[in-house]
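Model the full assembly from the supplied sequences, consistent with the hints where possible.
These protein sequence lines map, in sequence, to chains C and Z.
For what it's worth, the working numbering labels the leading residue of the first sequence as 1, then goes sequentially.
For what it's worth, the working numbering labels the leading residue of the second sequence as 1001, then goes sequentially.
Derived from the structure by calculation, the hints contain no laboratory data.
There may be inaccurate statements among the hints.
[Unchecked claim] Quick list of simulated restraints, FRET-style, between CB atoms: (1) C:Glu58 to Z:Ala1120: 32 to 40 Å; (2) C:Thr105 to Z:Gln1180: 40 to 48 Å; (3) C:Met112 to Z:Leu1225: 33 to 41 Å; (4) C:Glu107 to Z:Gly1376: 26 to 34 Å; (5) Z:Leu1279 to C:Gly20: 51 to 59 Å.
Quick reminder that beta carbons are idealized off the backbone N, C-alpha and C, glycines included.
Single-letter residue listing:
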Amino acid sequence: MQFMALIYSADGAEQNYPGGPEKMMADYYAYTEEVKKAGVMVAGDALQPTSTATSIRERDGKASLTDGPFAETKEQLGGYYLLECKDLDEAIKWAGKIPTAKYGTIEVRPVMIWDQ
Amino acid sequence: MNPIEAELTRIVRANSGRILSALIKVTQDFTLAQDALQDAITQAIAQWPESGPPQNGGAWLYVAAKRRAIDLVRKESRHHADATQQILTDLQHDQDETAEWEQDIPDERLRLIFTCCHPALNVDAQVALTLRTLGGLTVREIARAFLASETTIGQRITRAKQKIKNANIPYEVPNHEDMQARRAGVLTTIYLIFNESYSAYEGQSLTREDLANEAIRLCAILNRLDPDPETAGLLCLMRLTHARRAARLDTEGDFVPLDKQDRSLWDQTEIEAAHAQLLDVFANGQFGPFQLQAAISALHCLAPSWAETDWQQIFALYGALAAYDPSPVVRLNQAVALANMGGHNKALEQLNTLEAELGNYQPFYAARADILSRCGEEKAAQIDYDRAIELSKNKVEKNFLFQKKSALAASLKNNK
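Structure (C-alpha cells):
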C-alpha cells in the first residue's frame, strides 16, 4: 500500500535544524539512501520555494493566474516522498525519520486505490 | 427494562469485545463485525423472550454473530474473490461452534484495545470507539454519558472506523519497541473515560457509574492480557477513587470535598483489596506516575480523618510524581500537602509562582483561598473565592465555594 509523506515547513525554518542547514542536507541524503535500500521508496522530490509558485483557476470558462501558492499558510508544502508500506504504523515510522519532522510537519496520507 | 433485556445488556457488555475482536481478526472489517453483532443482538431480542435466555449467552451471541458475518461477507462484492473465500474458510473452520467459543478462540481483545486507542485517531474518537466496541455500550448510552448528541457520537465512530480501514491502521498489538508509548496512550484513554464519569460540567449529577465501571473493567482486562505495573497502578487508582464515591455527594446531591466526607460511607472492602493489589505492584520496583497517584489515593483512603492524613508522605509522593509530570497541577497539590503539614507560608510562596500558569484553573483559587483564610488573610481569601466561583462550571461545586466564602464573610463580621 502506498503512502504519500507530504513535507511542510515555514520558509527559512531549516535554519533551526539541529546542526544547521548543511547537516540537514546530509541527513536528507542519508535518509533517501535508507528508504531506497529498504525497498520502501517509490518516489520523492523537493520543490522550489513558494516564491516560484503560480496558482491557476478556471471559473466560468475563464482562466486566471495568481502569483504565489494556493494558500498563504505559515507552513508550506516543500516536498514529498511516496512510500510503499504494509500499514500506517510502518508509514508513520518512516515519515518520522524525515529530517524536516524536527522543525516542520510531515503529513501522511494513503494513496487512493481505485480498483476496489 | 424487563429482566430478559437486562440480562441481554449484561451479556453484550461482558462479551462484545471478545466477539468483535474474534470477528475483526478474520474479516479485518470493523463495520462488518459490528453490523453482524448488532444483528445477533436484534435476533436475541426477538427470540429470547419466547425461548428464554440460553445457558451460555456469550456463546449464543458469538455463534449468531458469526453466522451473520458469513452472510455479510458473501454479500459484500468489494472483496476480491480469493480473499472472500479465505475469510469464509476461516470463519467456518469449526463444526461445534459453542465449543469453539469456549476453547479455541484466543482472547484477541488486546489487538482491539490497541487499534481503538491508536494515536492516529483523535482522543474523542478513541474514547467513543473503545466504549462502543470493547464496552458494548450503545451509541445512545455513550451520547448520554458525554452529553453529546447521538448523531455526533455516531459520526465520530463511523469516521474512526473509516480511518482505520482507509489509512490501514494495523489490527495488531504494537511491537516491542513501540509498546511502552502505545500502552501509555491506552492508559490515558481509559483514565479519560474514568474521569469523565466524575466530571459534570453542564450536568447536574456528579457521578456516572457506568463509565467508571467500564473504565475499571477495561483496565482489568488490559492488565490481565498484558500485565504491566503502570496498568495495574491505574487500575488501583481508579478502584480507590471509585471506592469513595458514596461519600462524594450529600443527601441533597451536593458535592462533598474530601476533607468533609463521611468516611464511614467509603467501601472499606474495596479499599483494602485495591490497597493489597497496589502493594503487590510496588513489589515490582518499577514505579511510574499512575502507581504514585494510586499511592497518594491509598494514603487518603487509609487515613482515619483529614487531619490524621499522612501529609508528609503525600508531599514526598507529589515530589516524586513531579519528576514524571512537572505540570503546575501536580505542584499545586504538592503545595496543598505542604500547607496541611503546617507550612502555610511556604505553600503560599509556591502557589504564587503557579498563578501565571493556573490563572484559569478553579481548583488553584479554591486552594489558595483556603490557605489564605487559614493564615488570617481573609480579604485576599475572599478575592480568590470570587475568582474560583467565577471559574467553576459545576453547580454543586459553585454552591460549595459560595458556602466557604459566606462562612468567611460571617467570621469577618463577628471579629469586627
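We went through each hint and held it up to the structure:
| no. | hint | in the structure |
| --- | --- | --- |
| 1 | C:Glu58 to Z:Ala1120: 32 to 40 Å | 36 Å, holds |
| 2 | C:Thr105 to Z:Gln1180: 40 to 48 Å | 25 Å, violated |
| 3 | C:Met112 to Z:Leu1225: 33 to 41 Å | 36 Å, holds |
| 4 | C:Glu107 to Z:Gly1376: 26 to 34 Å | 57 Å, violated |
| 5 | Z:Leu1279 to C:Gly20: 51 to 59 Å | 53 Å, holds |
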